[in-house]
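Here is how the chains run, residue by residue.
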Amino acid sequence: MLDFVQQLVSGIALGCVYGLIALGFVLVYKATEVVNFAQGDLMMLGGFFAFTFIGMLGLNYWLGFAGAVAAMAAFGMLAERVVVRPILGYPQFSIIMATIGLGYFLRSVVGMIWGTDDFKIETPFSDGVLRIGSLVLAYDKLSVIAATIILCALLYLFFNRTTLGTAMRASSENMLAAYYMGIPVKRVVSIVWAISAAVATAAGVLLAPITFIHSNVGLVLGLKAFPAAVLGGFGSIPGAVVGGVLIGVIESMAGFYLPQGWKDVAPYIVLLVVLLLKPEGLFGVHTRKKV
Amino acid sequence: MRFLFKTDYEDDIKLFPHSGYYVSYGILIAFLLIAPFVLSSYLVSQLVFVCIYATVGVGLMILTGFTGQASLGHAAFLAIGAYTAAYLQQYDVPFPVYFLAGGLLTGVVGALVGFPALRLTGIYLVIATISFAFIVEEVLARWESVTHGNEGMRVKTLSLFGQAVPQNGPTFYYLCLAVLVLTIVGTLNLLRSPTGRAFVAIRDSETAARSMGVNVSLYKVKSFAISAGITGLAGVLFAHKLSFISPEMFTLQLSIEFIIVILIGGTFSLHGAVLGAIFLVMIDPFLTYLKDDLPGIIAGVAATFGADSVTATKIHANAAAIASANGLKGAIYGVIIVLFVLFEPLGLYGRWLKIKLFFQLFPLYKRATFKRQKIYVKSERNR
Numbered sequence: 001m002l003d004f005v006q007q008l009v010s011g012i013a014l015g016c017v018y019g020l021i022a023l024g025f026v027l028v029y030k031a032t033e034v035v036n037f038a039q040g041d042l043m044m045l046g047g048f049f050a051f052t053f054i055g056m057l058g059l060n061y062w063l064g065f066a067g068a069v070a071a072m073a074a075f076g077m078l079a080e081r082v083v084v085r086p087i088l089g090y091p092q093f094s095i096i097m098a099t100i101g102l103g104y105f106l107r108s109v110v111g112m113i114w115g116t117d118d119f120k121i122e123t124p125f126s127d128g129v130l131r132i133g134s135l136v137l138a139y140d141k142l143s144v145i146a147a148t149i150i151l152c153a154l155l156y157l158f159f160n161r162t163t164l165g166t167a168m169r170a171s172s173e174n175m176l177a178a179y180y181m182g183i184p185v186k187r188v189v190s191i192v193w194a195i196s197a198a199v200a201t202a203a204g205v206l207l208a209p210i211t212f213i214h215s216n217v218g219l220v221l222g223l224k225a226f227p228a229a230v231l232g233g234f235g236s237i238p239g240a241v242v243g244g245v246l247i248g249v250i251e252s253m254a255g256f257y258l259p260q261g262w263k264d265v266a267p268y269i270v271l272l273v274v275l276l277l278k279p280e281g282l283f284g285v286h287t288r289k290k291v
Numbered sequence: 292m293r294f295l296f297k298t299d300y301e302d303d304i305k306l307f308p309h310s311g312y313y314v315s316y317g318i319l320i321a322f323l324l325i326a327p328f329v330l331s332s333y334l335v336s337q338l339v340f341v342c343i344y345a346t347v348g349v350g351l352m353i354l355t356g357f358t359g360q361a362s363l364g365h366a367a368f369l370a371i372g373a374y375t376a377a378y379l380q381q382y383d384v385p386f387p388v389y390f391l392a393g394g395l396l397t398g399v400v401g402a403l404v405g406f407p408a409l410r411l412t413g414i415y416l417v418i419a420t421i422s423f424a425f426i427v428e429e430v431l432a433r434w435e436s437v438t439h440g441n442e443g444m445r446v447k448t449l450s451l452f453g454q455a456v457p458q459n460g461p462t463f464y465y466l467c468l469a470v471l472v473l474t475i476v477g478t479l480n481l482l483r484s485p486t487g488r489a490f491v492a493i494r495d496s497e498t499a500a501r502s503m504g505v506n507v508s509l510y511k512v513k514s515f516a517i518s519a520g521i522t523g524l525a526g527v528l529f530a531h532k533l534s535f536i537s538p539e540m541f542t543l544q545l546s547i548e549f550i551i552v553i554l555i556g557g558t559f560s561l562h563g564a565v566l567g568a569i570f571l572v573m574i575d576p577f578l579t580y581l582k583d584d585l586p587g588i589i590a591g592v593a594a595t596f597g598a599d600s601v602t603a604t605k606i607h608a609n610a611a612a613i614a615s616a617n618g619l620k621g622a623i624y625g626v627i628i629v630l631f632v633l634f635e636p637l638g639l640y641g642r643w644l645k646i647k648l649f650f651q652l653f654p655l656y657k658r659a660t661f662k663r664q665k666i667y668v669k670s671e672r673n674r
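Listed in order, the protein sequences are those of chains R and G.
Here the numbering used here is used: the first residue of the first sequence is 1, the next is one more, and so on.
Here the numbering used here is used: the first residue of the second sequence is 292, the next is one more, and so on.
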């Protein structure tokens, strides 16, 4: 039983990281219908920025965190401007390819600059543990869970309560109509990219104590975050987090109770089953086709 | 230029638009046939890879280019073909049998993947095919009684009608070339048949195709099966070429490379698959060339512009360090993909068409002929 709870908590913590990356997918998808395959790599880059600020320049943790988030927000806007804006509105396949290319590029360049070793960011939460009875919970895992809840709530409020959030939803429904209504669609899109890069950075920094950061971590985790986003139904913010947690728990349970090898495929098997039964994901809205 | 007037349906579905194609393709084939006697063995070996990649490219083109179903799982189909060959070879099954068996089995698996894919579109389909590829990769690593797990499998030298065909010899090259040419001709014929036209109809508009009486699900499954089958055939050749296969060779990376083949070559054309394969295979020798020669050239240029010997040596060292950095290949791949998507969405074949049209219409060529229209999208969720 204790093992079960322990696995559950670490699964949830891992799942929250997937959820955070998935949030980035969902944000961009919600506003622009673009699926950003480079999201995991943005997360990795954010982690490396934070590592540079905190580990190499010796800044305070929170200052470094904020610096990395700001730098990545700027980078997200730059990436949007250079790679995405010219092809906005073209078939999804081209956009998927462009973001795959971007991911490739980021991964290799990071590998060339920082090397291919594993890096670790010292956080205030490292090494501390919370003991409840005989249950041992590491602070870094709890911090991930807490941060995910806060971020998720903020984003939910942002999308549903602010003018900018409404503008984003409008431009995702129908870009041209939104444009006619006076919404600066281009600026909205670039803000969305900034936010999603910032969220990815938060995920990267929170992740650093759990898994070390290295240049391929984005690919590995990004590919886990996809099932998370799809499980939740692309385009649903709560869905992304729930999907992420599900994937994390499934993975951690499969790693503990099933023979070796199941850990890595279990999330995908669950994903395929869910897609078979409910092609629009668990929280997806089924819209009727208009002819 | 030659004006083609199509006056009846038969004109529209000809294998080649006009007889000139027989001449140009004939010359190309003749050159490819004498290639082993002219080119170095290294280049012939690269040509074999071009043939294999182009075969996969044709397979993927049927699915992605002509039916409009994106797939990032084709490495898995290649793996199934390769492993079928390696497994059957242990029991002394003759090459033609396991070659066809590899294609057939992969085709069946492709159809099985096609069924769940029926209900999925766009991004969901991409993720589903990635998931499938991961599962196959894991199965290959774990099913040790058949696949020997991570140790990998040796593939014996191919023997055809009692003759050994070493994977570096010209005969193997001819075999791969024959497979490629047959695949291309077969695909061309497929595309002018009702099946192929149904594929294209589904790509252009599923709803319209359905209302014209096309059985969309049937043709989507067919497309998956044919595409996978061709990839499986290429997998058998791939296994022989490398003479050793292991699960970590068939990763997502490889699937992405196949997508690069059709993307850079030019989606929607079979020429594109071949051009893309040439591009992808030749990028490695090109990078080697960069590594070996470019630093020297740069330093030489610097020296001619008055840099003293110390600076020139420094420049040489820096250039060499950049050229031999670990991730350079990935970075170049990334930049190439992005640039092609941004500036040449029709790929290399599209570029060739533009050049050809320029000379045909000279001096009347209009620069905006291929310009893309700016479009605004409605949500795909409502489509």
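FYI, nobody ran anything at the bench for these hints, they're computed from the structure.
Here a beta-carbon is modelled for each residue, glycine too, at the ideal position from N, C-alpha and C.
Any given hint might turn out to be false.
Unchecked claim - Per the computed footprint, the stretches of chain G lying under chain R, defined by three or more beta-carbons under 8 Å from a beta-carbon of chain R, are:
| hint | stretch |
| --- | --- |
| 1 | 403-412 |
| 2 | 419-425 |
Unchecked claim - Here are the simulated distance ranges between beta carbons:
| hint | chain 1 | residue 1 | chain 2 | residue 2 | range |
| --- | --- | --- | --- | --- | --- |
| 3 | R | 91 | G | 508 | 15 to 25 Å |
| 4 | G | 388 | R | 6 | 52 to 62 Å |
| 5 | R | 156 | G | 650 | 32 to 42 Å |
| 6 | R | 91 | G | 599 | 29 to 39 Å |
Could you work out which of the previously given hints the structure breaks and list their numbers from low to high? 5, 6
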